[in-house]
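Residue numbers (this note's numbering), protein chains in the order written: chain S, 1 to 336; chain Y, 1 to 262.
Rather than coming from a laboratory, the hints here were simulated on the basis of the structure. As the structure is a computational prediction, the values presented were derived from the model and not from experiment. Mixed in with the good hints, there may be bad ones.
Taking beta-carbon pairs under 10 angstroms as the criterion, some of the chain Y residues facing chain S (in silico) [stated by the list, open to error]:
1) Lys-83
2) Leu-99
3) Val-107
4) Cys-117
5) Ala-118
6) Lys-119
7) Gln-120
8) Ala-123
Even for Gly, the Cβ is constructed at its ideal location relative to N, Cα and C.
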Amino acid sequence: MQAARLPLITIGACIALFAMVIAGTFWGTAPIPWDQKLAVLLRAPEAKSSLTMIIWEWRLPRVLACAVVGAALALSGTLIQTALRNPLADPYLLGLSSGASAAAVAAIIWLPAGIVAAFGLPLIAFLGAAAAFAFTLLMAYSRERPMDRLLVILAGVAVSLLFQSFTAFLLHISEPNAAKAALNWLMGSAAGTNWNDLPLITIATLIVAAMALTQHRQLDALLMGDARATSLGVATGPLKLSIFLATALLTGLSVSIMGIVGFVGLIVPHLARQLCGSGHKNLIPLAMIFGALILTFTDLLCRTLLAPSELPLAVLLALFATPPFIFILRQTRHVA
Amino acid sequence: MLHKAPTPHTNAIFKLNNVGFSIGSKALVQDCTFEVLQGSFMGLLGPNGAGKSSLLRLLYREKKPTAGSIEAFGVPLENWSRKGFAAKVGTVLQEKAQLAGLTIAQVAGLGLFPLSCAKQEEAERIREALELVELWDRRDENAGYLSGGEQQRLFFAQILALDPEVYVLDEPNNHLDIYFQIRLLDHIKAKGKTVIASFHDINLAARYCDSAVLMHESEMVAKGPLADVLSPERLKGVYRVDAEFSNSAIAINAPVNQFAMR
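Bound-form chain S, shown alone:
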């Protein structure tokens, strides 16, 4: 729609993202003088090793992880909103977040710390997300209406509620310290990410994005409804199933790295749509850049606002997300 403006917006967003990654690396809970920052980043020999450690082993992987997770969640959100043709759909709709939460909270509360550490909370959360997703698809299965969007949405809501009440039950019966640890995890945080977390989700995100871009016309056709897309020769059932699988993979990986990071998958696709329309060829890259930008920015605020203590991501994301959310609701009412 605003074709002429689009390259400018994209370039601007890329520059902003790059600047945000640099900023996220330079600023944080520990103050580092300017000359040291540059020396450390360029790996100059006179740099202090403790600062090198902070920047290269803690901040940089953390900032990059925020960028990748933001992009992955925005991509998942874009795809799932298209597959379900529902502006309120988000990547967690399929029960992923509640499954991951239930598994993680159960592990934090029940399992001895040694076992949790051995398996790793990320793996446990990912398995929980995958189990809930499988459960949702199973409940939505129908021979006569394969991948019916209403069935999928209702099954997702039901599975989410089920796991949420399970999580609430666990929190209720647990002792305060374990509950606090579990709640911290639930609110999402990028703290403690390291280089090892990055390769898998980066590769997965790039592959899914590349596949989605090659199918951008099928995705556009899906917006017109299943019947029209089918009559144009789009295999709607398999396309939607692969969207669900890709979403589950990216979201599961994101959750395993940062816990529950809400709103990015819901709001960012809408922000991008306001700027470039619903055509997926432009929408997918723009949404991903925005997702990366917003999450790195929020993470930086989380680290610096109350330094030296850190805020959970969910707190600030909700503050940012609510105004555009209301704006979008008002917009969509005009269309419907």
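The hints should help you fit chain Y onto chain S, whose structure is shown.
Positioned in the frame of chain S, the structure of chain Y alone reads:
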């Protein structure tokens, strides 16, 4: 059947044999057997809920028949590749669509999805089709803000850009004003392609159809030339009107009072 009868000279585009479609125990289409001949304009008639749209859904492959078989161009429907079939058989169907965020030109371009043609030709086809439905000047507008009739014209632009061998039209006159009803269907009729279209407006059907299939309560009750299909008895039994069809027009005297009939 042990062997297929050789049918080299057949010009049946669609061949339906005892086709049925049901959801659970509810039969939506039963025992439909007819052929759609090449170059014919066939009307699918019947009152509300007779099964016209359901039957068309089977033809454009949104649903699979639960009984019987359908052949297209002599090949069973299920053996066709999705895209290959969609390139030959285009559809204008009845379904609400949310087009917000796509431009009019983008939506028209989606009609060309089954084809793989060069960018230049694509642009040319889109332009021609949008000019015909008089939306070319508004091509960069958000398609989400179109009225019902304008949206229907846009979906006509999709099929006209594709220009398939077979036009499957489900209530094509839906939402269209009189000018566009006549303008667009005249245009398609003049192409001489094969058309199968459902109508509830009998007079409009009479203007275009050279043959018709009449459906009633999910079953096919008659086929043949329109004047034969729409006998006074059938108009009474199926459409529940006391009427006469002659000279390509229907003259309605009164609705039939069901209670008086019994």
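Cross-check of the supplied hints:
no., hint, in the structure
1, Lys-83, "holds (4 angstroms)"
2, Leu-99, "holds (7 angstroms)"
3, Val-107, "holds (7 angstroms)"
4, Cys-117, "violated (13 angstroms)"
5, Ala-118, "violated (15 angstroms)"
6, Lys-119, "violated (13 angstroms)"
7, Gln-120, "violated (17 angstroms)"
8, Ala-123, "violated (14 angstroms)"
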